[in-house]
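**Q** Spelled out from the first residue to the last, the chains are:
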Amino acid sequence: MDLLQVIAFGVLLGGVYALLASGVTLIFGVLDVVNVAQGSFLVFSALFTWQIWSLLGLEPLLLVPVMGLLMFVIGWAIYRGLLVRVAPQGPGMTVLLMFGVAIAMEGVLNIVFGNEFKSVTPPYFTSSFKIGEIVIPYPQMISGVLAVVVLGGIYVYLRKSWAGRALRASAQNKDGAALVGISATKASSLAFGIGAMTAGVGGVLLAIMYPVYPATQYDWIARLLGIIVLGGMGSIPGAIIASMLLGISESIASAYVPQWAPVFFYGAILVILLFRPHGLLGEKTREDVAA
Amino acid sequence: MIAALKRPSGFLPVILIGLLILYPILASDTRYEESVLIICMLYAIMASGWNLISGLAGYVSLGHSVYLYMGMYTGAILGKAWEIDAMWLAPLGAVTAGLLALVVGLIVLRTRSHSFVIITIAVLLLGMLVAANWRGLTGGSDGFIVKQPSWAKDNPTTPYYYIFLGILLLTVALSAFIMRSRLGAGLVAIRNDEGKAASIGINTTLYKVTAYTLSAVPFGFAGAVYGQFLGFVTPSLVVAILMSVFLVLAALVGGRGTLWGPVIGGFLVWLLNEVGTIAAGEFRARLLIMGVVLILVVMFMPMGLLPTIRNFVKKRRESKSAVNFIDQKSIAAVSDVDISKIIARTRQQSEGSSHILEVKGIVKRFGGVTAVNDVDMAIERGSITGLIGPNGSGKTTLFNCMTGTFRPDEGVVLLDGENITRDRVWTRAHDGLGRTFQITRLFKSMTVLDNLVAPLETTSVRQMVAGRYSGDEVERAREVLDFMGLAQFEKQDAAALSFGQQKLVELAQVLMLRPGIILLDEPASGINPTLIEKLATVIRRLNDAGTTVLIVEHNIPLVLSLCDTVHVLSGGEVLTSGTPDQIRNDPQVIEAYLGPDHMVGVGNE
Numbered sequence: 001m002d003l004l005q006v007i008a009f010g011v012l013l014g015g016v017y018a019l020l021a022s023g024v025t026l027i028f029g030v031l032d033v034v035n036v037a038q039g040s041f042l043v044f045s046a047l048f049t050w051q052i053w054s055l056l057g058l059e060p061l062l063l064v065p066v067m068g069l070l071m072f073v074i075g076w077a078i079y080r081g082l083l084v085r086v087a088p089q090g091p092g093m094t095v096l097l098m099f100g101v102a103i104a105m106e107g108v109l110n111i112v113f114g115n116e117f118k119s120v121t122p123p124y125f126t127s128s129f130k131i132g133e134i135v136i137p138y139p140q141m142i143s144g145v146l147a148v149v150v151l152g153g154i155y156v157y158l159r160k161s162w163a164g165r166a167l168r169a170s171a172q173n174k175d176g177a178a179l180v181g182i183s184a185t186k187a188s189s190l191a192f193g194i195g196a197m198t199a200g201v202g203g204v205l206l207a208i209m210y211p212v213y214p215a216t217q218y219d220w221i222a223r224l225l226g227i228i229v230l231g232g233m234g235s236i237p238g239a240i241i242a243s244m245l246l247g248i249s250e251s252i253a254s255a256y257v258p259q260w261a262p263v264f265f266y267g268a269i270l271v272i273l274l275f276r277p278h279g280l281l282g283e284k285t286r287e288d289v290a291a
Numbered sequence: 001m002i003a004a005l006k007r008p009s010g011f012l013p014v015i016l017i018g019l020l021i022l023y024p025i026l027a028s029d030t031r032y033e034e035s036v037l038i039i040c041m042l043y044a045i046m047a048s049g050w051n052l053i054s055g056l057a058g059y060v061s062l063g064h065s066v067y068l069y070m071g072m073y074t075g076a077i078l079g080k081a082w083e084i085d086a087m088w089l090a091p092l093g094a095v096t097a098g099l100l101a102l103v104v105g106l107i108v109l110r111t112r113s114h115s116f117v118i119i120t121i122a123v124l125l126l127g128m129l130v131a132a133n134w135r136g137l138t139g140g141s142d143g144f145i146v147k148q149p150s151w152a153k154d155n156p157t158t159p160y161y162y163i164f165l166g167i168l169l170l171t172v173a174l175s176a177f178i179m180r181s182r183l184g185a186g187l188v189a190i191r192n193d194e195g196k197a198a199s200i201g202i203n204t205t206l207y208k209v210t211a212y213t214l215s216a217v218p219f220g221f222a223g224a225v226y227g228q229f230l231g232f233v234t235p236s237l238v239v240a241i242l243m244s245v246f247l248v249l250a251a252l253v254g255g256r257g258t259l260w261g262p263v264i265g266g267f268l269v270w271l272l273n274e275v276g277t278i279a280a281g282e283f284r285a286r287l288l289i290m291g292v293v294l295i296l297v298v299m300f301m302p303m304g305l306l307p308t309i310r311n312f313v314k315k316r317r318e319s320k321s322a323v324n325f326i327d328q329k330s331i332a333a334v335s336d337v338d339i340s341k342i343i344a345r346t347r348q349q350s351e352g353s354s355h356i357l358e359v360k361g362i363v364k365r366f367g368g369v370t371a372v373n374d375v376d377m378a379i380e381r382g383s384i385t386g387l388i389g390p391n392g393s394g395k396t397t398l399f400n401c402m403t404g405t406f407r408p409d410e411g412v413v414l415l416d417g418e419n420i421t422r423d424r425v426w427t428r429a430h431d432g433l434g435r436t437f438q439i440t441r442l443f444k445s446m447t448v449l450d451n452l453v454a455p456l457e458t459t460s461v462r463q464m465v466a467g468r469y470s471g472d473e474v475e476r477a478r479e480v481l482d483f484m485g486l487a488q489f490e491k492q493d494a495a496a497l498s499f500g501q502q503k504l505v506e507l508a509q510v511l512m513l514r515p516g517i518i519l520l521d522e523p524a525s526g527i528n529p530t531l532i533e534k535l536a537t538v539i540r541r542l543n544d545a546g547t548t549v550l551i552v553e554h555n556i557p558l559v560l561s562l563c564d565t566v567h568v569l570s571g572g573e574v575l576t577s578g579t580p581d582q583i584r585n586d587p588q589v590i591e592a593y594l595g596p597d598h599m600v601g602v603g604n605e
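Protein chains in written order, with our numbering: chain A, 1 to 291; chain B, 1 to 605.
Hints in this document: simulated from the structure, not taken from any laboratory. Small disclaimer: the values here were computed from a predicted structure and weren't measured. Warning: the hint list may mix true and false statements.
Rough simulated footprint, nothing fancy, chain B against chain A, three-plus residues with beta-carbon under 8 Å [to be verified]:
#1 13 to 21
#2 211 to 221
#3 238 to 251
#4 258 to 266
Quick list of simulated restraints, FRET-style, between CB atoms [unchecked claim]:
#5 A:L69 - B:E410: 50 to 56 Å
#6 B:V313 - A:Q89: 18 to 24 Å
#7 A:D2 - B:I278: 55 to 61 Å
#8 B:V461 - A:F264: 34 to 40 Å
#9 B:A279 - A:N115: 17 to 23 Å
#10 B:F11 - A:V257: 57 to 63 Å
From the three backbone atoms N, C-alpha and C, an ideal C-beta is built for every residue, glycine too.
Using the sequences provided together with the hints, build the complete structure.
**A** Rendered as structure tokens:
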């Protein structure tokens, strides 16, 4: 395959990763929670999309706002119902809680959908178009562009709206934010909701790109968490850069050494952490220095 | 906490182990029961291993089953190559698993970042991917048949049953040894407050990496035997992840951080799972049930069974015993025992320079703000030196550069004439630089005495394996507590003390390092005048005994009455330095604090 072609694939894939990983990194930044359930949210959304598509034959992309909203509500409810009680016990216990959520969700999906691959195949599934020599399949194109649009929307929301500023304030200093009237619970449930929403949107995009079954959540957890470690925990620009790196390197590796593509990525993370323990754009916090 | 760890050698474990030993002898036709109990023991072993890093040190790992696979593959591959039974390679499995953990630990445990838990998942995935793809070595996803020894044909369970029981006992012995050692005490300190642990001389990186490496050892050992027991090794990611869920659940249910909790949890979780499988018979539902159980345990019984029961018993006992009223007089008093022996360093301090601590050209910027701009300062050996300045003048930043909390952008920090600018926090503690915190950071779940024996004057392997109460630390801790009039609090949890008392205990803790210089971060803030007076007396006594003291403080009268030399910072630079009298009358100082309008009418205090 032509290298340019491979890179184009990688960039589109990287866009999808960026959307999903920014959700995880937002949750970590505001709540100090490592959301290991993001992969199961994603697969949940993808399988739900498949179900509606196969029942109604609806254009799957119409489900983007629906699944986004649904996952927002589910994420909000998980925060209010479960996380808020465990949060005071620190990140060690919240990660175990989210691990429990991920396993339980996979169990539900297993019972409902069974343990086999499902894929959504709209009419444009196999069509593609050409820019110069580069062939780009429609699903990849749509997913990549849509992911970037949603990500841009979230970014503008965080920058410009009052709620976004409240979130960023809360991420930096919870006590300080509380003093000026920002409820930590409200900010946190909003952040968790938005984080889950990215998985809702991503799930629809995932469904038209790849076949999905419940256990694929592990591939996604590992990829997304790998991205945020590489980018620097809590850094959205870092997550975006790392997503592009993963997308492109995965695309190159799967063109030449398909079996070893994921190994290559995780290996690279370990090597990079060796030289930059806090990731590419991660900041050393006061506590880190003290240790 | 420590009392609880010392007690587990009660009757109950002995009886249970006795029953486990006798079970195959007394009961007949127990092949199925034995094979279930083998898996129970396997989970007890794994949960105990996991407990060393995730329970003691609080670093949660979700991918520990990769070390079991490491042992399984080591036994299977080398056993085939060398034509011996895989289980004889168990020690080698322990080594390979330990080595893998060492490499991973060295990469991710150098910082306090939460990336640890993520990397553990990634390592599990990576391991399974390598196993599935490296066909030449591992047989790929088809797996690897492990040859059964001839004795297993007659009875494929009982010998394994006793081998796993043996491994379990070895693992518990390893855990008990670590929990009673300084390594164990240090790990608990790290779980409580890692930054603080470093400041009292605990080499946190070394401790964490050691604990992580050791935690993988039982996995690797058991893995080689387990592979042979199963008869095959296949890289199944789902199985590996489920295994991680089970073992984490086992440790949580039983009680992380305790000796027997993970063992009990291992049996409970697997027996329940077995009952569930018989009752429901459906694998798919099992995933859901395990997830829900994990959620429920985290939410409603986060401490686990053993600690919950222990707390209950402890509370009942405490409610029966009489309440001790605190003797206020003795708290206010400072005993007049000779402290020079308690706090004097046994090793020779270099006397090369008359300045014990010196900073040269320190610059520290935060983004666009230069908090400290080219500061030179020298602390005279044997002095009490004050560092004052208005809010935002850079005192705390300078202080943090000295203690190692921040690394300065430019300039050097010299301790006893040696450059320590790039030294880690614990190295500075070893070299005789002790510090307290403005908001106290004692290990709240430990008693006052345990807080005092936690500091380490050096880092060495011999010390890590020594018992946590060995040496003369306990005796010295009691002397220090006596000196400061805190003896009555010895057995109290640090969290039970008032803020002022905690400040005194934290100072006592630092004295255990026998520091040449103590840096006090706003020692008088937030405590009552009686204790401030006592604090001043303690500082003077320490100074008389040869300890240099540097105080950062807003209480100007205290600083001026106590110090030999006072440095005034303003706008990130040294405004002036001098004796208290010079400072008191320096118009620049008054201006820096109050602004030019207030200069008239401010006299001597």
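**Q** The hint says 50 to 56 Å between L69 of chain A and E410 of chain B; measuring C-beta to C-beta, is that right?
**A** With a Cβ separation near 52 Å, L69 of chain A and E410 of chain B satisfy 50 to 56 Å, so the hint holds.
**Q** Given as covered by chain B, does the stretch 258 to 266 of chain A meet the bar of three residues or more with CB within less than 8 Å?
**A** Three-residue rule met by the stretch 258 to 266 of chain A, so holds; n is 5.
**Q** How does the Cβ-Cβ distance of F11 of chain B and V257 of chain A compare with 57 to 63 Å: does it lie in that range?
**A** Holds, at about 59 Å.
**Q** According to a criterion of three or more residues whose C-beta lies within less than 8 Å of a C-beta of chain B, is the stretch 238 to 251 of chain A covered?
**A** With 0 residues in contact (Cβ-Cβ under 8 Å with chain B), the coverage given for the stretch 238 to 251 of chain A is violated.
**Q** Taking a Cβ-Cβ distance under 8 Å as contact, does the stretch 13 to 21 of chain A have three or more residues in contact with chain B?
**A** violated (count 0)
**Q** Determine whether the Cβ-Cβ distance between D2 of chain A and I278 of chain B falls within the hinted range of 55 to 61 Å.
**A** 57 Å, holds
**Q** Do the beta carbons of V313 of chain B and Q89 of chain A sit within 18 to 24 Å of each other?
**A** 23 Å, holds
**Q** Cut-off 8 Å, C-beta pairs, minimum 3 residues; does the coverage of the stretch 211 to 221 of chain A by chain B stand?
**A** This one holds; 4 residues, not fewer than the three required, reach chain B with a Cβ under 8 Å.
**Q** Starting from the hint 34 to 40 Å, judge whether the C-beta atoms of V461 of chain B and F264 of chain A obey it.
**A** 37 Å, holds
**Q** May I ask you to test the hint 17 to 23 Å on the CB atoms belonging to A279 of chain B and N115 of chain A?
**A** 22 Å, holds
In this structure, the hints that do not hold are numbers 1, 3, in rising order.
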